[in-house]
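J.: Sequence:
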Amino acid sequence: MSYTLEFIMRVYDDSTGEYYQISQDPDGLDLVELSSHEKGGEEYTSFVMTLDAADKFQQALAEYIIRERGRLIKEKRERNGDDVQSPG
45 MSYTLEFIMR VYDDSTGEYY QISQDPDGLD LVELSSHEKG GEEYTSFVMT LDAADKFQQA
105 LAEYIIRERG RLIKEKRERN GDDVQSPG
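The sequence shown maps to residues 45 to 132 in the numbering used here.
It is possible that some hints are incorrect.
To be verified - In the DSBU-like style, the derived pairs of lysine-lysine whose C-alpha atoms are separated by at most 35 Å in a straight line are: (1) Lys-100 / Lys-83; (2) Lys-120 / Lys-83; (3) Lys-118 / Lys-100; (4) Lys-100 / Lys-120.
In case anyone wonders, no lab produced these hints; they're calculated from the structure.
None of these values were measured; they are calculated from a predicted model.
Take the sequences, apply the hints, and build the full model.
T.: Next comes the structure, spelled out in structure tokens:
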């Protein structure tokens, strides 16, 4: 008898039921598969990458989020007339 463990993580949009999924690639090539799905589970799109590439992707995504949040905060302050100073 043989058993296989599959690890899947999902991020759901609570208002629509759509979700993003992170899982092992279906071909067993030790790759990471990222995919997006509609509420019923039908896949919109997917792509695979190596674990090293996924690690760099995660780092880039975290940096992008930090910068984008900073930009949005700055724009909000400017719209509200708050004094915005850049670090010196």
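J.: Decide, hint by hint, whether the structure agrees.
T.: Hints and how they fare:
1. Lys-100 / Lys-83: With Cα atoms ~29 Å apart, Lys-100 and Lys-83 stay inside 35 Å; holds.
2. Lys-120 / Lys-83: 33 Å, holds
3. Lys-118 / Lys-100: Status holds; Cα separation ~27 Å.
4. Lys-100 / Lys-120: 30 Å, holds
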